[in-house]
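Chemist: Sequential numbering of the sequence shown, starting at 1, is according to my numbering.
Keep in mind the hints are simulated off the structure, nothing from the lab.
Each statement offered as a hint is correct.
Below, a list of computed lysine-lysine pairs in the DSS-like style, where the Cα atoms sit at most 30 Å apart:
hint: 1; residue 1: K160; residue 2: K95
hint: 2; residue 1: K10; residue 2: K160
hint: 3; residue 1: K3; residue 2: K141
hint: 4; residue 1: K160; residue 2: K3
Ranges between beta-carbon positions, derived for each pair:
hint: 5; residue 1: F151; residue 2: G16; range: 33 to 43 Å
hint: 6; residue 1: I55; residue 2: E142; range: 37 to 47 Å
hint: 7; residue 1: G98; residue 2: L144; range: 18 to 28 Å
hint: 8; residue 1: D24; residue 2: E69; range: 13 to 23 Å
Using N, Cα and C, we set each Cβ at its ideal position, and we do this for glycine too.
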Amino acid sequence: MAKDLVLCGKVAKPHGLKGELSIDLFAHSPFFLDNFKVVYLKPPLKEKYYRFKIISWRPHQQRVLLLVENIEDRTRAEEFRGSEVYFAARDFPPKEEGEFYLFELRGWQVYLSPGEFLGTINDIQLIGENEIWEIKTPQGKEILFPAQEEFIVQMLAEEKKAVIDPPEGLLDIYLNE
1 MAKDLVLCGK
11 VAKPHGLKGE
21 LSIDLFAHSP
31 FFLDNFKVVY
41 LKPPLKEKYY
51 RFKIISWRPH
61 QQRVLLLVEN
71 IEDRTRAEEF
81 RGSEVYFAAR
91 DFPPKEEGEF
101 YLFELRGWQV
111 YLSPGEFLGT
121 INDIQLIGEN
131 EIWEIKTPQG
141 KEILFPAQEE
151 FIVQMLAEEK
161 KAVIDPPEGL
171 LDIYLNE
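Take the sequences, apply the hints, and build the full model.
Modeler: Right under this line is the structure:
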């Protein structure tokens, strides 16, 4: 089952007395949750995924408050503090041509615009509204690339390849000894 699930957030803490979970959601908008009826929670240090039916959700400050069946009080919610939040890949809405889900970019090869291989997308982070690609070079170095439209030359889905033109000086920060 785990291979069909997509990591989309983390439970920060319980909220209130009625079992709400305060979630750091790895999505550009909380309305992403409108697509799902079921959530899977994986507590830290456990290999088990717990399936819950979503009752409701609402934005709260910089997080989302999620209410699910069978978590009815703060004590039970506390059991899921730090849990990873997953959704079934099959439940994701269809994409428009040229659109990608962030999880799909993991493993893509990244090239500089002259055609030089730079590395592989190891992870994607959302910092505020900014998407940051963690690119691992063949030498094992890590580059944090701001994936803004102005720095992305081409996205080739069939080849799982991205061509970038990073801001001047960015690669010097990460690649110079």
